[in-house]
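Student: Below are the chains, spelled out letter by letter.
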Amino acid sequence: AQTVTQSQPEMSVQEAETVTLSCTYDTSESDYYLFWYKQPPSRQMILVIRQEAYKQQNATENRFSVNFQKAAKSFSLKISDSQLGDAAMYFCAYRSPAFNDMRFGAGTRLTVKP
Amino acid sequence: DSGVTQTPKHLITATGQRVTLRCSPRSGDLSVYWYQQSLDQGLQFLIQYYNGEERAKGNILERFSAQQFPDLHSELNLSSLELGDSALYFCASRGGGGLSTDTQYFGPGTRLTVL
Chain A
1 AQTVTQSQPE
11 MSVQEAETVT
21 LSCTYDTSES
31 DYYLFWYKQP
41 PSRQMILVIR
51 QEAYKQQNAT
61 ENRFSVNFQK
71 AAKSFSLKIS
81 DSQLGDAAMY
91 FCAYRSPAFN
101 DMRFGAGTRL
111 TVKP
Chain B
1 DSGVTQTPKH
11 LITATGQRVT
21 LRCSPRSGDL
31 SVYWYQQSLD
41 QGLQFLIQYY
51 NGEERAKGNI
61 LERFSAQQFP
71 DLHSELNLSS
81 LELGDSALYF
91 CASRGGGGLS
101 TDTQYFGPGT
111 RLTVL
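Note that the protein sequences, when read in sequence, are chains A and B. Quick note on our numbering: the first sequence kicks off at 1 and runs consecutively. Quick note on our numbering: the second sequence kicks off at 1 and runs consecutively.
Just so you know, not all the hints are guaranteed correct.
[Unchecked claim] As a list, the in silico DSSO-like pairs of lysine-lysine whose alpha-carbon atoms are at most 30 Å apart: (1) Lys9(B) - Lys57(B); (2) Lys57(B) - Lys70(A); (3) Lys78(A) - Lys55(A); (4) Lys9(B) - Lys73(A); (5) Lys70(A) - Lys55(A); (6) Lys78(A) - Lys113(A).
In short, the hints are calculated from the structure, not lab data. Since the model is a prediction, treat every value here as computed from it, not as a measurement.
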């Protein structure tokens, strides 16, 4: 079964600095999808960025980018120019085309210091 | 705003009771997923429906059931509630097919408190 591991329960970053959140996953599949979701104190789950495994190019959405290393089964999220509003729980998620559920990591709580 | 709606936002009930959580997916989305998030934990997949039919089951207890209606809204029924069922319950929806529709969009969640 696919598992998703986020090894950093908590991270902190200074406002305007850059931070990288780690995620690794275990799978025997070649095609799959990876996601980062943000959960602010409101508890809403907000999609940050997505990556298709067949694409070699790393996804980018404004200040958010990923470093997708397929062979290493690693999918880290880089947040540049961190803002106070980036403070939240961040969840890494894996979805297989063969199965209909999404597997989530345990989350990383990001604190942004002014 | 994801376009997915969930009602109610909060629900407080007693052990042994039964509750129903409701979800309306984004317009045009055929798939509905239910997840449970206990305090400070990740999301656990419960069940998925696609166009009215059950498609996948996760760690859903026998006391829990769900259905998707012809208008595509879905309901999650939780019965014989226990203290441990207190959690945030999310609904997510996804489009009918294609790579661009692979993303799940989440509703705001229903916070269930069992006393």
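Student: All hints are to be evaluated individually against the structure, with a verdict given for each.
Tutor: Do the hints match the structure? See the list:
This hinted pair checks out: Lys9(B) and Lys57(B) have alpha carbons roughly 24 Å apart, not beyond 30 Å. Of the pairs offered as hints, the one joining Lys57(B) and Lys70(A) holds, with about 28 Å between alpha carbons and a cut-off of 30 Å not exceeded. About 18 Å separates the Cα atoms of Lys78(A) and Lys55(A), which keeps this hinted pair within 30 Å; it holds. Between Lys9(B) and Lys73(A), the direct Cα distance comes to roughly 37 Å. Violation of the 30 Å bound is thereby established for this hinted pair.
Distance check on the hinted pair: Lys70(A) and Lys55(A) sit about 10 Å apart at the alpha-carbon level, within 30 Å; holds. Restraint check: the Cα-Cα separation between Lys78(A) and Lys113(A) comes to about 17 Å, which is no more than 30 Å; the hinted pair holds.
When the structure is compared with the earlier hints, a violation turns up for hint 4 alone.
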